[in-house]
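**Q** Residue-level listing of the chains:
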Amino acid sequence: MIADGVEDEEKWLAAGIAGLQQNAFYMHRALDSNNLRDALKYSAQMLSELRTSRLSPHKYYELYMRAFDELRKLEVFFKEEARRGCSIVDLYELVQHAGNILPRLYLLCTVGSVYIKSKEAPAKDVLKDLVEMCRGIQHPVRGLFLRSYLAQVSRDKLPDIGSEYEGDADTVVDAVEFVLQNFTEMNKLWVRMQHQGPAREKEKREKERSELRDLVGKNLHVLSQIEGIDLDMYKDTVLPRVLEQVVNCKDEIAQYYLMDCIIQVFPDEYHLQTLDVLLGAFPQLQPAVDIKTVLSRLMERLSNYAASSADVLPEFLQVEAFAKLNNAIGKVIEAQPDMPILGVITLYSSLLTFTLHVHPDRLDYADQVLGACVNKLSSKGKLEDNKATKQIVALLSAPLDKYNDIVTALKLSNYPRVLEYLDSETNKVMATVIIQSIMKNKTRVSTADRVEALFELIKGLIKDLDGGAHDEVDEDDFKEEQNSVARLIQLLHNDDPEEMFKIICTVRKHILGGGPKRLPFTVPPLVFSSLKLVRQLQGQEENPFGEEDSTTPKKIFQLLNQIVETLCNIPAPELALQLYLQCAEAANDCDLEPVAYEFFTQAYILYEEEISDSRAQITAIHLIIGTLQRMHVFGVENRDTLTHKATGYSAKLLKKPDQCRAVYACSHLFWVDDQDNVKDGERVLLCLKRALRIANAAQQMSNAARGSAGSVTLFVEILNKYLYFFEKGNPQINVAAIQSLLELVTTEMQSDSSTPDPAADAFFASTLRYIEFQKQKGGAVGEKYEPIKA
Amino acid sequence: MNFLIGAFKPACNISITFSDGKSRKQVPMKKENGKTVMVPLFQSKESIAGKVSIEPLQGKKIEHIGVKVELLGQIEMYFDRGNFYDFTSLVRELDVPGDIYERKTYPFEFSTVEMPYETYNGANLRLRYVLKVTVSRNYGGSIVEYGDFMVRNYSSPPPINNSIKMEVGIEDCLHIEFEYNKSKYHMKDVIIGKIYFLLVRIKIKNMDLEIRRRESTGSGANTHVETETLAKFELMDGAPVRGESIPIRLFLSPYELTPTYRNINNKFSVKYYLNLVLVDEEDRRYFKQQEITIYRQRDS
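First to last, the protein sequences are chains W and X. Counting from 1 along the first sequence, just add 3 to a position and that's the residue number in my numbering. Counting from 1 along the second sequence, just add 54 to a position and that's the residue number in my numbering.
Hints listed in this document are in silico derivations from the structure and should not be mistaken for laboratory results. Heads up, some of the hints might be wrong.
What the hints assert, rightly or not - Quick list of simulated restraints, FRET-style, between CB atoms:
#, chain 1, residue 1, chain 2, residue 2, range
1, W, GLU230, X, CYS227, 19 to 29 Å
2, W, GLY102, X, LYS85, 26 to 36 Å
3, X, TYR200, W, ARG57, 54 to 64 Å
4, X, LYS242, W, THR174, 54 to 64 Å
5, X, ILE224, W, VAL280, 35 to 45 Å
6, W, PHE71, X, TYR200, 19 to 29 Å
7, W, GLU12, X, VAL295, 23 to 33 Å
What the hints assert, rightly or not - Examples of chain W residues lying across from chain X (beta carbon under 7 Å, computed):
#, residue
8, GLN99
9, HIS100
10, ILE104
11, GLU135
12, GLY139
13, GLN141
14, HIS142
15, VAL396
Note that CB positions come from ideal geometry on N, CA and C, so glycine has one too.
Produce the complete structure using the sequences and hints provided.
**A** Rendered as structure tokens:
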């Protein structure tokens with residue numbers, strides 16, 4: 004039966020339309036021949052089609068619209084009839100002879116409209132009569148449409164201020180009274196729909212009702228269009244009357260829709276001036292009404308209003324908008340104990356947005372809102388609801404967006420407390436939001452206290468929050484997160500070294516708990532940040548006032564030592580080694596020999612104990628050599644020890660070519676161009692010779708193992724080193740040595756056993772070209788090169 | 055066939071004209087054959103004057119034993135066909151016995167005639183006034199002609215006219231209070247009122263106000279009652295809830311009402327009732343009937 008419902012409905016609608024059209028046809032004929040009696044008869048019959056109970060509101064509307072069009076024609080006829088001398092009063096009586104009430108009232112409204120236009124009677128009397136007579140239709144759908152028709156035809160005939168229907172007897176009060184009454188009756192009918200019919204069709208009914216809601220809401224729209232309603236009248240009459248109806252109807256659909264309607268149709272400034280009254284209604288609404296949405300929209304509107312012009316802000320202050328809203332939200336939450344936490348958060352979120360817009364200078368308001376939110380959350384524990392957490396993120400992001408400045412947000416004492424109610428996932432999201440805000444706005448977080456607070460906020464990224472229960476975290480996401488933390492650490496800065504040092508300590512304190520996965524990301528930026536501070540201090544007189552506890556590079560290095568050490572424990576030896584070397588270099592620049600030596604020691608220990616991968620060893624040894632080469636702080640002894648060690652490591656690499664390269668690199672340790680005390684030509688030569696030996700050995704091994712001598716690249720590389728030192732004036736490197744090396748390479752290249760290697764050939768060729776070029780240069784260099792025969 | 059027509063044709067034409075026939079108001083009257091004719095309208099204590107003219111057919115003479123005109127007020131009961139009760143009977147002798155050769159005109163006048171009852175055409179009876187002209191003859195039978203006219207009597211508004219107000223109901227089911235602004239209405243009046251729903255526990259579909267006419271004839275065991283619903287006027291569509299009030303505004307002018315007649319000549323009464331009917335979704339009817347008095351008010 005239900006399945007047939009739709010089909011049947013179509014049939015009924017078709018039948019209704021057919022009946023309507025047929026009678027409309029006869030009506031037109033009567034209109035054309037000026038036959039009033041027939042016109043009335045057929046129009047009443049036509050309107051009888053609207054008496055049906057079989058159509059859903061949607062279909063009924065279709066029928067209604069057709070009737071509506073026909074009634075427009077009838078109205079024109081009535082107007083002409085009145086002009087031809089037919090008494091409009093008589094006409095008004097005549098249509099009331101119709102026996103059926105629905106056609107009678109449609110006709111009455113139609114004539115009534117002409118009656119008002121004729122001004123033979125005061126508009127208010129006619130309107131009052133019409134709205135009163137319409138009570139005869141108690142059927143919700145038919146009543147709603149009839150009254151909607153009444154609203155439609157009377158719209159332009161209200162005795163509004165400035166309207167032609169305004170007069171001594173007719174004032175805007177009458178217009179308001181009329182619309183309010185029609186509104187009240189319509190709402191009653193609309194609400195009644197809910198309670199008629201079987202319970203199992205509740206859902207269908209609710210759908211139908213929502214289709215009809217705009218008919219009711221239109222009245223409020225009409226009210227909002229009445230010019231004569233000034234603030235006083237709105238405050239004293241309109242709003243209280245409308246709210247009274249809204250509250251008393253005790254229907255959730257109506258309450259939700261109408262509250263929203265009120266908020267949307269009336270001007271912001273009226274809302275602002277009547278906040279007490281408007282907000283007073285909210286706690287009285289039914290518990291199931293979605294107050295949060297409505298209230299949020301109100302706050303949104305007011306926020307936008309505040310944003311529209313600075314001139315209106317004093318109004319907000321004058322009416323204490325914030326206090327009122329805050330109070331109202333509290334009451335609503337109290338009145339609706341079953342409101343889901345999502346609702347609560349949404350409300351506070353809107354309020355926060357509101358206060359941020361309206362009172363950007365009142366941080367205490369914002370904090371108050373967050374505090375109230377915390378209070379509510381505290382009774383619920385961690386949030387499970389997905390939407391609610393999203394809403395919290397929105398709530399917490401609002402101050403960041405507004406102030407573009409985390410520093411301001413850090414002043415909100417309740418801010419971190421709200422965070423506590425988020426799950427770790429959301430905490431991370433929030434932390435990311437915060438970091439992004441800082442980066443976007445290049446906010447300077449420049450005191451240790453704030454850094455402390457900030458890290459408290461983003462601790463979701465800094466450490467594992469929920470007791471080490473590792474969720475499946477996407478590797479890329481994790482990297483992304485940690486990289487952003489690293490960037491954040493780099494951004495923290497204060498020109499005052501004392502404060503900066505404190506910041507570093509604070510950051511260290513926080514990141515140390517981060518665990519093996521995070522430290523490799525977070526330690527380096529901290530180390531570099533510290534080194535930056537060292538560099539800054541390095542230029543200054545050390546400890547000018549001799550204060551005991553002032554920040555000195557030494558102190559920082561001590562700290563750095565500890566910081567880097569944590570990496571060793573993870574273990575991340577390569578990274579730690581690199582950082583030690585960086586520190587050593589910085590210590591070198593500060594002329595702190597023992598410190599530098601200590602860092603090198605640490606690096607060596609790591610090299611010896613932790614770095615076992617040969618590839619890693621190669622990288623490490625070259626780093627060590629490079630760094631060591633630049634050190635000038637060491638005394639002969641220390642330097643010897645370190646270089647000795649480095650050379651030793653080099654010779655112990657696994658692969659011969661690697662050994663060779665490391666060893667010839669070591670040669671630089673004995674010859675530093677800008678350091679006169681490090682120019683030990685002999686040892687340079689020793690290194691190079693050793694490198695040659697190893698290269699030879701490599702050749703032989705290759706020969707033995709593969710039957711071919713392998714590339715001559717190593718020899719060419721060594722040749723280049725020879726040339727370098729030759730040019731730099733190392734007395735131990737002479738033309739003969741170079742000459743013999745050149746020959747060696749040439750021979751090797753021509754030997755049968757050598758493997759052809761175009762890269763090596765090219766390298767050699769360009770080396771020869773270089774020699775030629777230097778010769779051509781002439782002068783001292785040219786002379787020097789002259790003897791070499793390529 | 056001509057001679058046959060001639061044979062049944064009356065020997066003369068009799069016509070009755072009223073002296074103020076041109077200016078007097080004419081009203082429609084339904085004849086027995088269903089045709090409507092316009093007849094002059096009188097009221098009680100008016101003088102009825104005019105002329106009777108008798109015109110013999112061409113070349114004939116009428117021999118008579120007297121000409122008279124009667125004014126009769128009759129009540130005719132349909133179930134008692136043929137029985138007329140004349141409650142008024144006035145006679146004017148117009149001519150002494152003699153012959154009429156050519157058209158002859160007689161003036162007549164009944165002055166200030168008491169006509170207490172109104173012309174009425176009901177379901178089971180009619181009350182009519184008629185002028186009857188009789189040309190009496192010794193042979194060939196008397197020649198009779200009738201002239202109809204109507205009587206309507208006007209009343210002035212009643213000095214006391216209370217509203218009708220009543221609370222009715224079915225226990226725990228339906229409780230309403232209704233109010234009609236008056237108990238006596240003139241025939242072009244408007245009934246204004248209100249219905250308050252004090253308790254509604256049934257699903258009402260609609261509510262009508264009916265105007266019913268109750269015509270009773272005869273007396274005692276021979277009483278015939280005929281009830282006729284003259285108006286069925288829908289007052290409400292749909293189911294009201296407690297606290298609703300529904301307005302009533304019913305114009306009486308479109309309906310063919312007569313004044314209320316009480317015990318006319320001990321023969322009949324015509325009474326009017328307002329019947330408030332509520333129909334529920336199962337088409338059960340709940341009603342309450344109240345008598346109202348209808349009177350005729352002079353048109354202003």
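**Q** Indicate, hint by hint, whether the structure satisfies it.
**A** Quick rundown of the hints versus the structure:
no.	hint	verdict
1	W:GLU230 - X:CYS227: 19 to 29 Å	49 Å, violated
2	W:GLY102 - X:LYS85: 26 to 36 Å	29 Å, holds
3	X:TYR200 - W:ARG57: 54 to 64 Å	57 Å, holds
4	X:LYS242 - W:THR174: 54 to 64 Å	35 Å, violated
5	X:ILE224 - W:VAL280: 35 to 45 Å	43 Å, holds
6	W:PHE71 - X:TYR200: 19 to 29 Å	57 Å, violated
7	W:GLU12 - X:VAL295: 23 to 33 Å	27 Å, holds
8	GLN99	6 Å, holds
9	HIS100	5 Å, holds
10	ILE104	4 Å, holds
11	GLU135	6 Å, holds
12	GLY139	5 Å, holds
13	GLN141	4 Å, holds
14	HIS142	3 Å, holds
15	VAL396	47 Å, violated
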